[in-house]
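A.B. asks: The primary structure of each chain is shown beneath.
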Amino acid sequence: MANWFIQASYFIVAVVFILGLKAMSSPVTARKGIVWAGYAMVAATVVTFFMPDLHNVGLMVLAIVSGGAVAWWSGKTVKMTDMPQMVAIYNGMGGGAAAAIAALEFARGEINDPVVATLAVLGALIGSVAFSGSCIAYAKLQGIMKNAFRLPNQNLVNIGLAVLTAVLGLAIIVADAPSSTLIVLFFVLALALGAILTSPIGGADMPVVISLLNAFTGLAVGFEGYVLGNPALIVAGIVVGASGTLLTQLMAKAMNRPITNVIFTPLSGGAAGGEGEAIEGTMKEFSALDAASVMRYASKVAIVPGYGMAVAGAQHKVWEMAQLLEEGGVEVVFAIHPVAGRMPGHMNVLLAEAGVPYDKIFDLEEINADFPQIDVALVIGANDVVNPVARTDKTSPIYGMPILNVDMAQNVIVVKRGKGAGYSGIENALFYKDNCRMLYGSAQEAIAQVITHVKALES
Amino acid sequence: MEGYAALYIFMLAAFTGYEVISRVPVILHTPLMSGSNFVHGVVLVGAMVVLGHADPEEPVQLVIGFVAVFLGAANAAGGYVVTERMLAMFKGGNKKEGGA
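Listed in order, the protein sequences are those of chains A and B. The numbering used here puts the first residue of the first sequence at 1, with every later residue one more than the last. The numbering used here puts the first residue of the second sequence at 1, with every later residue one more than the last.
No lab work stands behind these hints, which were simulated from the structure alone. No incorrect hints appear here.
Facing chain A, a subset of chain B residues (Cβ under 8 Å, in silico):
no., residue
1, GLY3
2, TYR18
3, ALA76
4, VAL82
Only a predicted model underlies this, so the values are computations on that prediction, with no experimental measurement involved. Idealized CB from N, CA, C, for every residue including glycine.
Isolated chain B (complex conformation):
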């Protein structure tokens, strides 16, 4: 990827991240942290790519790749379940006035 284009992506993504949660009520801090923990579980995709390109003749590469995919999948799956369980509590509840 072009170096400068990537730099712009980094910059815009950083502002987006900052902006997206800037008005979050305190009651959602923990679920949101958990939710963002799930989102970086997309590292699984990167892990799959590197394992997919690892040399099948090299056990060390296979082991590292396996560990990467295993950990990435655990991050994604665990992050989802935990977040979903926390947010399920908000189902059907009376929403609080003012959103605070």
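For reference, chain A alone in the conformation it holds in the complex:
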């Protein structure tokens, strides 16, 4: 096939990728967007087979089929709640691929130009960090790695390792023919850097990190695209790098955690910002029957779901309860914190899966002013995102984080497994408020009981 045809195809592919991303930023066209991008990817792959002087085609097909099949199968079978770690691991693989491209180009000794060498090294560094960092992120979200692992003088170690890696990278750039020992050492250090940067970061900050690593992979792909002289890679990579950076900023803003804080002062227990002020009052328990009657005779109920609801798989039950209440004339809405679930928008996906229509789902900005007019706020498996200390206690590590003001509702019912603190380990002042009642139990069982009682009230 003629070279011009291949180049023209790459050009069209790059255009379709951008249009696809554009389409994916609106709910109406989102599905079309990914399908277009999918066709573009297939076209790019097929066209590449027709490049002149391509060897090892058998091995190539084997790699595509095996890698594609493993990922396709795992992506099809994974539960919706586990999506974030799958995004993390696929992203890491992309970063690894970019790093491997650089490694192979160095192994072939094809890189002579200093500009090309610089971008190859940068891409290799960023890609390796994205790879090992994403693997750690996956392990944490999947529960393989339970504890945040923090070295003494972590920040010093980070900086030292980063400098050492950079020096080795520089040595590769200036060397006429870098030795394989040097190259191997550089990759080992770059991989270690990614792992060490990510491992102390707590679960609550994980979405920001995954998004950041996603942007990293984009950049790495863009840089390796320059090394290979492939504009499709450059455009797709850099577009993702830039949009990923913006997305990371949006997420960090939603959590009031500047990206530098996420990386350099990880939130862990109360240690990050002191213990906070003492909280007064007691937690007051509520039975499922009480909860059912309060909600059944309310005029407006706001359901505030958190990750606890999603892991319990209770979203279908919750929607069943909401429908039951609506049949009784109660207005039911869902209030979603930007970082409810594990990533911004994750909770919306989970609720959509359960069949909740979009017009019942409200963002923080849309609903926060309405809480005083809401009779019952039902908090299910959410904790830090409804903790009023974020508004009131300047010494709290989460001070300043935007929260859902559920404490301003007439009544608050919190469905919670036990009396422990939230993901960040911070005590929740909401639970001690006079208008708050605790309904203990797993979300699934508690809501099932409430449903039974609501039905009993009807008859």
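Got chain A sorted already, so can you dock chain B onto it with the hints?
C.D. replies: Relative to chain A, chain B alone:
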């Protein structure tokens, strides 16, 4: 490629990326991150090119090239499936007024 032309491509692509998603509603943040994760799966093409140019007599090159293509293909395939599954939820749903 000409150094400066590439620099302009980098610059324009960066602005495009920033602009393209600047008005995305929160509900689409996760699917969009996943979608952009799929798009950088185009690294597969680069991996295919380097494996295709690797020396068939050099096992080390073949192994690295194989790993690159394997990882790139996994990035693309996995990224697509996961994004498609998330966005399938938006099919037939009532679109929300205001797009917020």
